[in-house]
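Using the sequences and the hints, build the whole thing.
There are 4 protein chains.
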Amino acid sequence: MKDELNMSLQPEKRPSEPRTEEEKQQLQNRLKRIEGQIRGIQKMVSDDRYCVDILIQLSAIQAALKKVGYTLLERHTKTCVSSSIKDGDGDHHIEELMKVIQQFSK
Amino acid sequence: MKDELNMSLQPEKRPSEPRTEEEKQQLQNRLKRIEGQIRGIQKMVSDDRYCVDILIQLSAIQAALKKVGYTLLERHTKTCVSSSIKDGDGDHHIEELMKVIQQFSK
Amino acid sequence: MKDELNMSLQPEKRPSEPRTEEEKQQLQNRLKRIEGQIRGIQKMVSDDRYCVDILIQLSAIQAALKKVGYTLLERHTKTCVSSSIKDGDGDHHIEELMKVIQQFSK
Amino acid sequence: MKDELNMSLQPEKRPSEPRTEEEKQQLQNRLKRIEGQIRGIQKMVSDDRYCVDILIQLSAIQAALKKVGYTLLERHTKTCVSSSIKDGDGDHHIEELMKVIQQFSK
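Chains as they are written, first to last, in this note's numbering: chain A, 1 to 106; chain B, 1 to 106; chain C, 1 to 106; chain D, 1 to 106.
To be clear, the hints were calculated from the coordinates, so they are not data collected in a lab.
Treat the hints with caution; some may be incorrect.
One copy or any two copies: either way a pair holds, since identical chains are not told apart in the list.
What the hints assert, rightly or not - When the alpha-carbon atoms are kept at most 30 Å apart in a straight line, the in silico BS3-like pairs for lysine-lysine are as follows: (1) 43 / 24; (2) 43 / 78; (3) 13 / 24; (4) 99 / 32; (5) 32 / 78; (6) 106 / 66.
Next up, the structure:
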């Protein structure tokens, strides 16, 4: 499925090393918190809160999302990218890594 | 309440012009979509999806949050900041605007 | 002249309030320092310095450029945008401000 | 030397594979162009050009610096990081890579 962010999703693909249950739980906890923060902003909009306050909370969510992203990036580099390098065909994964870093750092 | 993003929240403060119900509904629709996208990522984590795919979806959420933020920024500048400028004490609101722009653009 | 960053330059246009010589000097000092930092990186490339070190210095230049940008943004908002708001036709300048903020915060 | 951007410079360190003269020349050409753009902005300040026009040109320089940075990042990952991974001690270099990516993407 082509994603409008010009990098195609690869639904069949899995990490070179499956995530442990503990890894999954840590990610889910952080995502649950972010989900709660989004609902918090919905409430601020209903309460017609001051615009700057809502923007501050939006910034907090962006910061939290970035942290999740960098956790995924590091894990990906230490597993999928590293194993492809050890197998001698790292360039494709490195170029993919650079593309997603640029996408994610916009 | 001091927010760890070093700008204090002002829970009592309201926009100089209350948001219309239509404005609120548009913001809520976008926030609901973002909330859904977060849950989508939770599912990707459970399904142990490929790291790059999750990062692409995270980038999409960041882009959506940015759009919401810029909508709020423009509205804030056209209402609260403008009315303070017309009242002759715009500097405080402009400095606050610059601070939140830097915060939001990190 | 159409700039590839999709905002047209307006060479004939001047700030609503001319910059003082002191303002100009402060901006020029900072720009001179940045120019020196760029030459510093050219030297690092000639000396075949470690990539991460060059990237750290590039980040320092980006941070310095951002500060110059936010100084210009605040000045612009306090002069050109404010005077247009007082004259009752602020919306155009506010929309232009939002566009340049998005451009500048990429 | 401790850099205020909290990552220490490593003046003695060199890339695992020296840059070719061609690589160096390409980087120098781009850095020369950026240097010229900085001087262009100095002229715009002297000519008291419209703030938004200067900001547009600043954004162009930021974009050019980012491109140089991503070229360095990709080269670094394909050489220094890859060789450390093949040598079995990739984690340090990967963590350093993540840190400089976050620094560079601010």
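Evaluated hints:
1. 43 / 24: both (29 Å within a copy, 10 Å between copies)
2. 43 / 78: Intra 39 Å, inter 23 Å, cutoff 30 Å: inter-copy only.
3. 13 / 24: within (17 Å within a copy, 37 Å between copies)
4. 99 / 32: both (27 Å within a copy, 26 Å between copies)
5. 32 / 78: within (25 Å within a copy, 34 Å between copies)
6. 106 / 66: For residue 106 and residue 66, both the intra-copy (11 Å) and inter-copy (10 Å) Cα distances are at most 30 Å.
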